[in-house]
Structure formats: C-alpha cells, structure tokens
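Visitor: Could you build all of it, start to finish, from the sequences and the hints given here?
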Amino acid sequence: GESVGLHLPTLSVQEGDNSIINCAYSNSASDYFIWYKQESGKGPQFIIDIRSNMDKRQGQRVTVLLNKTVKHLSLQIAATQPGDSAVYFCAENTGFQKLVFGTGTRLLVSP
Amino acid sequence: GAGVSQSPSNKVTEKGKDVELRCDPISGHTALYWYRQRLGQGLEFLIYFQGNSAPDKSGLPSDRFSAERTGESVSTLTIQRTQQEDSAVYLCASSLGVHTGELFFGEGSRLTVL
Numbered sequence: 005g006e007s008v009g010l011h012l013p014t015l016s017v018q019e020g021d022n023s024i025i026n027c028a029y030s031n032s033a034s035d036y037f038i039w040y041k042q043e044s045g046k047g048p049q050f051i052i053d054i055r056s057n058m059d060k061r062q063g064q065r066v067t068v069l070l071n072k073t074v075k076h077l078s079l080q081i082a083a084t085q086p087g088d089s090a091v092y093f094c095a096e097n098t099g100f101q102k103l104v105f106g107t108g109t110r111l112l113v114s115p
Numbered sequence: 137g138a139g140v141s142q143s144p145s146n147k148v149t150e151k152g153k154d155v156e157l158r159c160d161p162i163s164g165h166t167a168l169y170w171y172r173q174r175l176g177q178g179l180e181f182l183i184y185f186q187g188n189s190a191p192d193k194s195g196l197p198s199d200r201f202s203a204e205r206t207g208e209s210v211s212t213l214t215i216q217r218t219q220q221e222d223s224a225v226y227l228c229a230s231s232l233g234v235h236t237g238e239l240f241f242g243e244g245s246r247l248t249v250l
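Sequence lines, in order, name chains S and G. For the first sequence, position 79 matches number 83 in our numbering, and the numbering has no gaps at all. For the second sequence, position 91 matches number 227 in our numbering, and the numbering has no gaps at all.
I should point out that these hints are in silico values taken from the structure, not numbers from a laboratory. Hints should not be assumed to be uniformly reliable.
Said to hold, decoys possible - Straight-line alpha carbon distances no greater than 27 Å define the calculated DSSO-like cross-link-like pairs of lysine-lysine that follow: (1) S:Lys-46 with G:Lys-151; (2) S:Lys-46 with G:Lys-147; (3) S:Lys-102 with S:Lys-41.
Guide: Below is the structure:
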C-alpha cells in the first residue's frame with residue numbers, strides 16, 4: 005500500500021541554523037509531492053511542491069530535494085527563525101489531489 | 137471571507153449523537169476536500185467534490201460518514217451515531233481544480249465524542 009513517513013518526530017534548532025526535515029515515501033509511481041506547515045490550531049499551509057521530473061526546487065528560504073532512487077524527500081529551511089516553529093508534513097499526491105500525508109515532524113526553533 | 141471557513145470550530149457531543157460540520161470554500165474554487173486529522177497524526181483523505189461530478193467517497197471510513205455539497209459552494213460533513221474514535225479535527229480544503237492549484241485549508245472543526 006501507499007505510505008509516506010518521516011524519520012524524526014521532533015527537530016530542535018537554534019535561530020539562524022539551517023534545518024533539514026526528511027521524509028520517505030513508498031509509492032514509486034508517485035509523481036508529485038508537497039510540503040505543508042501546520043501551526044498550532046490552524047490548518048496546513050502550502051510551502052513548496054516538486055514533481056518527479058525534478059530533483060530540486062527552491063523557494064524563499066526553502067529548498068525541496070527529491071531522490072527517486074531511494075524514495076526520499078527533504079525540506080531544507082535556511083536561517084531558521086522562531087516563526088518557523090510548527091509541524092511539517094510531507095504529502096504525496098495519489099491523483100486528483102487526494103493527498104497521503106506523513107505523520108509530521110515538529111520543528112522547534114530556539115531564539 | 138478570503139479563506140476557507142469552517143464551523144463549528146469546536147464541537148463536543150455524546151456518543152451516539154449525529155453531528156454536522158460545515159465548510160465554506162474559497163469563492164471560485166471548484167474542488168472541495170474533507171480530511172480528518174487525529175491527534176498527533178497526519179491528515180487522512182475522506183472525500184472530494186469537483187464541480188458537478190460524482191464525489192470521490194473512497195476515503196470515508198464507514199457508512200456513518202456522509203457529505204454533501206451544494207453546487208460549487210458550501211459543503212456539510214455528517215457523522216451519524218458518533219463513536220469515540222471519531223474524535224479528531226476535520227479539515228476542509230478547496231482548490232481551483234483537482235488537477236491545478238494548491239489546496240487551501242480551513243482551520244478545522246475539532247470534534248470530541250464523549
């Protein structure tokens with residue numbers, strides 16, 4: 005079956021550090037992946053996406069890397085700020101935006 | 137409003153009662169989704185609506201769950217004879233279409249079944 009999982013449930017970093025959040029997926033046919041940020045009491049917020057014909061995509065302070073060989077996805081946040089503290093989910097689009105979400109990684113940023 | 141609106145934000149009910157959760161999508165968004173998020177977990181797909189097409193109900197966990205959508209507007213998720221395992225946050229999202237655009241999520245309806 006399909007599954008998307010994360011390696012680290014909690015990541016603690018200092019303000020200004022770079023953060024890396026990892027995700028593994030199992031459906032090798034998946035062709036579209038999304039990272040979401042969820043702050044306490046709020047719905048998930050889109051951060052960045054990547055299609056399987058790419059291995060890297062950059063946004064503002066964020067970079068997503070896709071390694072299809074090992075079915076691994078990562079989110080890199082540069083110069084992490086306290087406002088980045090949240091739970092981050094990777095999600096796999098199984099078609100028609102029916103997303104399969106991982107369990108999430110909590111990012112804690114200390115000032 | 138500009139975003140996806142959900143109500144109620146919190147609902148506490150007794151086991152066996154029926155509940156209705158409401159979602160107002162972003163105006164002009166033809167696709168509407170319902171997801172469930174149990175405590176400390178990721179989101180589980182429940183159902184989606186796209187225009188006038190038949191909804192995809194493949195994620196609904198049991199026949200106690202149903203949803204309706206009026207045209208390309210409001211949707212209601214109904215849970216009949218609620219059970220304690222139904223306790224979760226129910227999130228609604230909308231997008232321009234099922235093939236285009238990101239999903240915009242509401243803040244969710246937190247359901248607690250006692």
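Visitor: If a hint holds in the structure, say so; if it does not, say that too.
Guide: Each hint, compared with the structure:
For the hint linking Lys-46 (chain S) to Lys-151 (chain G), the alpha-carbon distance of about 26 Å falls within 27 Å, and the restraint holds. Under the criterion of a C-alpha separation no larger than 27 Å, the hint pairing Lys-46 (chain S) with Lys-147 (chain G) is consistent with the structure, at around 16 Å. Proximity of Lys-102 (chain S) to Lys-41 (chain S) is assessed by CA-CA distance (about 18 Å); at most 27 Å being required, the pair is judged to hold.
Of the hints listed earlier, there is not a single one the structure fails to meet.
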